[in-house]
Amino acid sequence: MDFFNSVIAFFQTGGAFMYPILVVFALGAAVAIERYVRLIYERHTNRAVWEKLQPVLKTGDFDRARNLVKDDNTGVGRLLAMGLERQGAVRRREDIEIAMEESIMETIPQLEKRTPYVALGSNIATLLGLLGTIMGLIEAFTAVANANPAEKADLLSASISVAMNTTAFGLMVGIALLIVHALLNSLTGQIVDSLEMVSVKALNIMSSGTRRRSEAVKDTPAEKPVNRDIEQTKQAQEAEATDGDADTEASSDNSAKPESA
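Quick note: the sequence shown uses the numbering used here, first residue 3, plus one each step.
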(Lines of atoms letter the chains of each structure in order from A and count residues from 1; the text may use other names and numbers.)
(Lines give C-alpha, C1' and ligand atoms only; values in the text may rest on other atoms or scores of the structure.)
Protein backbone atom coordinates (compact mmCIF):
# COMPACT_ATOMS: atom_id res chain seq x y z
CA MET A 1 0.00 0.00 0.00
CA ASP A 2 2.84 2.38 0.78
CA PHE A 3 4.27 1.72 -2.67
CA PHE A 4 1.09 2.82 -4.42
CA ASN A 5 0.85 5.88 -2.22
CA SER A 6 4.41 6.78 -3.12
CA VAL A 7 3.65 6.35 -6.83
CA ILE A 8 0.57 8.57 -6.58
CA ALA A 9 2.49 11.22 -4.65
CA PHE A 10 5.32 11.06 -7.17
CA PHE A 11 2.87 11.54 -10.02
CA GLN A 12 1.00 14.39 -8.37
CA THR A 13 4.10 16.39 -7.55
CA GLY A 14 5.53 16.02 -11.04
CA GLY A 15 3.62 18.84 -12.61
CA ALA A 16 1.37 19.19 -15.65
CA PHE A 17 3.75 17.39 -18.03
CA MET A 18 3.21 14.10 -16.21
CA TYR A 19 -0.19 13.71 -17.90
CA PRO A 20 1.07 13.94 -21.53
CA ILE A 21 3.78 11.42 -20.67
CA LEU A 22 1.13 9.11 -19.21
CA VAL A 23 -0.95 9.42 -22.40
CA VAL A 24 2.09 8.60 -24.54
CA PHE A 25 2.77 5.58 -22.36
CA ALA A 26 -0.82 4.37 -22.70
CA LEU A 27 -0.78 4.72 -26.50
CA GLY A 28 2.61 3.05 -26.82
CA ALA A 29 1.56 0.19 -24.56
CA ALA A 30 -1.66 -0.31 -26.57
CA VAL A 31 0.25 -0.47 -29.85
CA ALA A 32 2.86 -2.79 -28.35
CA ILE A 33 0.24 -5.21 -27.01
CA GLU A 34 -1.64 -5.25 -30.33
CA ARG A 35 1.56 -5.88 -32.29
CA TYR A 36 2.73 -8.59 -29.91
CA VAL A 37 -0.57 -10.48 -30.10
CA ARG A 38 -0.62 -10.15 -33.91
CA LEU A 39 2.95 -11.36 -34.32
CA ILE A 40 2.47 -14.31 -31.97
CA TYR A 41 -0.69 -15.29 -33.86
CA GLU A 42 1.12 -14.95 -37.19
CA ARG A 43 3.99 -17.14 -36.04
CA HIS A 44 1.61 -19.81 -34.73
CA THR A 45 -0.55 -19.91 -37.87
CA ASN A 46 2.48 -19.94 -40.19
CA ARG A 47 3.92 -22.91 -38.35
CA ALA A 48 0.57 -24.76 -38.48
CA VAL A 49 0.11 -24.15 -42.22
CA TRP A 50 3.63 -25.29 -43.03
CA GLU A 51 3.29 -28.46 -40.97
CA LYS A 52 0.09 -29.25 -42.86
CA LEU A 53 1.46 -28.51 -46.34
CA GLN A 54 4.96 -29.92 -46.10
CA PRO A 55 3.88 -33.61 -46.33
CA VAL A 56 1.61 -32.77 -49.29
CA LEU A 57 4.45 -31.04 -51.12
CA LYS A 58 6.83 -33.92 -50.47
CA THR A 59 4.38 -36.35 -52.09
CA GLY A 60 4.36 -34.19 -55.22
CA ASP A 61 0.60 -33.55 -55.06
CA PHE A 62 0.87 -29.90 -56.06
CA ASP A 63 -2.77 -29.66 -57.16
CA ARG A 64 -3.96 -30.56 -53.68
CA ALA A 65 -1.48 -28.09 -52.17
CA ARG A 66 -2.90 -25.33 -54.39
CA ASN A 67 -6.39 -26.07 -53.17
CA LEU A 68 -5.25 -25.97 -49.54
CA VAL A 69 -3.61 -22.52 -49.83
CA LYS A 70 -6.15 -21.05 -52.24
CA ASP A 71 -8.08 -19.12 -49.57
CA ASP A 72 -5.35 -19.06 -46.89
CA ASN A 73 -4.54 -15.54 -45.67
CA THR A 74 -1.47 -16.36 -43.57
CA GLY A 75 2.02 -15.33 -44.59
CA VAL A 76 3.09 -18.88 -45.42
CA GLY A 77 -0.20 -19.52 -47.23
CA ARG A 78 0.24 -16.50 -49.51
CA LEU A 79 3.89 -17.38 -50.04
CA LEU A 80 3.15 -20.95 -51.11
CA ALA A 81 0.17 -19.85 -53.19
CA MET A 82 2.40 -17.57 -55.25
CA GLY A 83 5.04 -20.26 -55.67
CA LEU A 84 2.59 -23.01 -56.59
CA GLU A 85 0.86 -20.73 -59.07
CA ARG A 86 4.12 -20.16 -60.88
CA GLN A 87 5.05 -23.84 -60.55
CA GLY A 88 1.96 -24.82 -62.51
CA ALA A 89 2.62 -22.27 -65.26
CA VAL A 90 6.41 -22.21 -65.67
CA ARG A 91 9.29 -24.60 -65.22
CA ARG A 92 12.14 -22.27 -64.35
CA ARG A 93 13.29 -22.18 -60.74
CA GLU A 94 14.12 -18.48 -60.97
CA ASP A 95 10.54 -17.50 -61.80
CA ILE A 96 9.15 -19.40 -58.81
CA GLU A 97 11.82 -17.89 -56.54
CA ILE A 98 11.02 -14.35 -57.71
CA ALA A 99 7.31 -14.91 -57.05
CA MET A 100 8.02 -16.08 -53.50
CA GLU A 101 10.33 -13.13 -52.84
CA GLU A 102 7.57 -10.81 -54.02
CA SER A 103 5.18 -12.39 -51.53
CA ILE A 104 7.70 -11.95 -48.70
CA MET A 105 8.18 -8.28 -49.63
CA GLU A 106 4.40 -7.80 -49.44
CA THR A 107 4.22 -9.52 -46.04
CA ILE A 108 7.05 -7.61 -44.30
CA PRO A 109 5.25 -4.21 -44.20
CA GLN A 110 2.22 -5.89 -42.61
CA LEU A 111 4.44 -7.40 -39.92
CA GLU A 112 6.18 -4.09 -39.22
CA LYS A 113 2.97 -2.05 -39.25
CA ARG A 114 2.70 0.42 -36.32
CA THR A 115 5.83 -0.97 -34.63
CA PRO A 116 7.81 2.27 -35.26
CA TYR A 117 5.18 4.13 -33.22
CA VAL A 118 6.46 2.38 -30.11
CA ALA A 119 9.95 3.80 -30.65
CA LEU A 120 8.39 7.18 -31.44
CA GLY A 121 6.51 7.07 -28.16
CA SER A 122 9.76 6.32 -26.34
CA ASN A 123 11.43 9.39 -27.80
CA ILE A 124 8.42 11.63 -27.17
CA ALA A 125 8.15 10.53 -23.52
CA THR A 126 11.82 11.28 -22.92
CA LEU A 127 11.60 14.70 -24.56
CA LEU A 128 8.42 15.56 -22.68
CA GLY A 129 10.17 14.67 -19.43
CA LEU A 130 13.04 17.00 -20.25
CA LEU A 131 10.67 19.75 -21.33
CA GLY A 132 8.70 19.39 -18.11
CA THR A 133 11.88 19.67 -16.09
CA ILE A 134 12.98 22.81 -17.94
CA MET A 135 9.59 24.44 -17.50
CA GLY A 136 9.61 23.46 -13.82
CA LEU A 137 13.05 24.98 -13.32
CA ILE A 138 11.96 28.19 -15.02
CA GLU A 139 8.99 28.48 -12.70
CA ALA A 140 11.20 27.62 -9.71
CA PHE A 141 13.75 30.32 -10.45
CA THR A 142 11.01 32.83 -11.14
CA ALA A 143 9.40 32.09 -7.78
CA VAL A 144 12.73 32.20 -5.94
CA ALA A 145 13.54 35.60 -7.42
CA ASN A 146 10.55 37.12 -5.70
CA ALA A 147 10.79 35.11 -2.45
CA ASN A 148 12.24 36.03 0.94
CA PRO A 149 16.05 35.66 0.90
CA ALA A 150 15.92 33.40 3.94
CA GLU A 151 13.60 30.98 2.18
CA LYS A 152 15.25 30.98 -1.23
CA ALA A 153 17.45 27.93 -0.63
CA ASP A 154 14.65 25.75 0.69
CA LEU A 155 12.18 26.87 -2.00
CA LEU A 156 14.71 26.32 -4.79
CA SER A 157 15.63 22.82 -3.63
CA ALA A 158 11.96 21.81 -3.32
CA SER A 159 11.12 23.21 -6.78
CA ILE A 160 14.04 21.43 -8.41
CA SER A 161 13.06 18.17 -6.73
CA VAL A 162 9.52 18.46 -8.10
CA ALA A 163 10.78 19.34 -11.60
CA MET A 164 13.07 16.33 -11.69
CA ASN A 165 10.09 14.01 -11.22
CA THR A 166 9.01 14.79 -14.78
CA THR A 167 12.38 13.79 -16.19
CA ALA A 168 12.42 10.60 -14.14
CA PHE A 169 8.94 9.58 -15.29
CA GLY A 170 9.73 10.40 -18.91
CA LEU A 171 12.90 8.31 -18.78
CA MET A 172 11.08 5.37 -17.20
CA VAL A 173 8.43 5.40 -19.92
CA GLY A 174 11.00 5.90 -22.65
CA ILE A 175 13.20 3.01 -21.49
CA ALA A 176 10.22 0.66 -21.15
CA LEU A 177 8.88 1.46 -24.63
CA LEU A 178 12.35 1.17 -26.13
CA ILE A 179 12.81 -2.33 -24.69
CA VAL A 180 9.38 -3.38 -25.98
CA HIS A 181 10.25 -1.99 -29.42
CA ALA A 182 13.41 -4.09 -29.50
CA LEU A 183 11.44 -7.21 -28.56
CA LEU A 184 8.89 -6.56 -31.30
CA ASN A 185 11.64 -6.07 -33.87
CA SER A 186 13.26 -9.32 -32.79
CA LEU A 187 9.96 -11.20 -33.11
CA THR A 188 9.33 -9.69 -36.52
CA GLY A 189 12.80 -10.73 -37.67
CA GLN A 190 12.17 -14.30 -36.54
CA ILE A 191 8.96 -14.46 -38.58
CA VAL A 192 10.65 -13.04 -41.68
CA ASP A 193 13.50 -15.56 -41.30
CA SER A 194 10.97 -18.40 -41.01
CA LEU A 195 9.24 -17.21 -44.20
CA GLU A 196 12.55 -17.21 -46.05
CA MET A 197 13.33 -20.69 -44.74
CA VAL A 198 9.91 -21.96 -45.88
CA SER A 199 10.50 -20.34 -49.26
CA VAL A 200 13.80 -22.16 -49.75
CA LYS A 201 12.43 -25.52 -48.56
CA ALA A 202 9.30 -25.28 -50.72
CA LEU A 203 11.36 -24.22 -53.73
CA ASN A 204 13.67 -27.21 -53.34
CA ILE A 205 10.70 -29.57 -53.02
CA MET A 206 9.01 -28.11 -56.10
CA SER A 207 12.21 -28.29 -58.14
CA SER A 208 12.90 -31.88 -57.15
CA GLY A 209 9.29 -32.88 -57.87
CA THR A 210 9.39 -31.25 -61.30
CA ARG A 211 12.71 -32.95 -62.03
CA ARG A 212 11.33 -36.37 -61.09
CA ARG A 213 8.35 -35.88 -63.37
CA SER A 214 10.58 -34.86 -66.26
CA GLU A 215 12.77 -37.94 -65.78
CA ALA A 216 9.69 -40.16 -65.63
CA VAL A 217 8.46 -38.75 -68.92
CA LYS A 218 11.83 -39.35 -70.54
CA ASP A 219 11.97 -42.94 -69.31
CA THR A 220 8.50 -43.74 -70.70
CA PRO A 221 8.92 -45.44 -74.13
CA ALA A 222 7.43 -43.27 -76.79
CA GLU A 223 5.26 -44.69 -79.56
CA LYS A 224 7.03 -45.39 -82.80
CA PRO A 225 6.29 -42.57 -85.22
CA VAL A 226 4.35 -43.52 -88.31
CA ASN A 227 5.65 -42.37 -91.65
CA ARG A 228 2.59 -41.38 -93.63
CA ASP A 229 4.38 -41.44 -96.98
CA ILE A 230 5.40 -45.07 -96.52
CA GLU A 231 1.88 -46.03 -95.46
CA GLN A 232 0.35 -44.30 -98.47
CA THR A 233 2.85 -46.05 -100.79
CA LYS A 234 1.99 -49.44 -99.32
CA GLN A 235 -1.71 -48.79 -99.72
CA ALA A 236 -1.23 -47.73 -103.36
CA GLN A 237 0.79 -50.87 -104.10
CA GLU A 238 -1.84 -53.08 -102.51
CA ALA A 239 -4.53 -51.34 -104.54
CA GLU A 240 -2.58 -51.84 -107.79
CA ALA A 241 -2.01 -55.49 -106.98
CA THR A 242 -5.73 -55.94 -106.35
CA ASP A 243 -6.61 -54.22 -109.64
CA GLY A 244 -4.06 -56.39 -111.51
CA ASP A 245 -5.57 -59.59 -110.17
CA ALA A 246 -9.04 -58.42 -111.14
CA ASP A 247 -7.89 -57.67 -114.71
CA THR A 248 -6.22 -61.09 -115.00
CA GLU A 249 -9.37 -62.89 -113.88
CA ALA A 250 -11.45 -60.92 -116.34
CA SER A 251 -9.12 -61.83 -119.26
CA SER A 252 -9.29 -65.49 -118.33
CA ASP A 253 -13.08 -65.44 -118.36
CA ASN A 254 -13.20 -63.81 -121.76
CA SER A 255 -10.79 -66.33 -123.33
CA ALA A 256 -12.76 -69.24 -121.90
CA LYS A 257 -16.02 -68.18 -123.65
CA PRO A 258 -16.71 -70.02 -127.09
CA GLU A 259 -16.70 -67.97 -130.23
CA SER A 260 -20.12 -67.28 -131.60
CA ALA A 261 -21.05 -68.90 -135.02
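Hints were generated in silico from the structure; no laboratory data involved.
Treat the hints with caution; some may be incorrect.
To be verified - Mimicking PhoX-like on lysine-lysine, the simulated pairs with C-alpha atoms at most 25 Å apart in a straight line are: (1) Lys60 to Lys72; (2) Lys72 to Lys203; (3) Lys154 to Lys60; (4) Lys203 to Lys54; (5) Lys72 to Lys54.
Any hints from earlier that this structure breaks? Give me their numbers in increasing order, please. Those not satisfied come down to hint 3.
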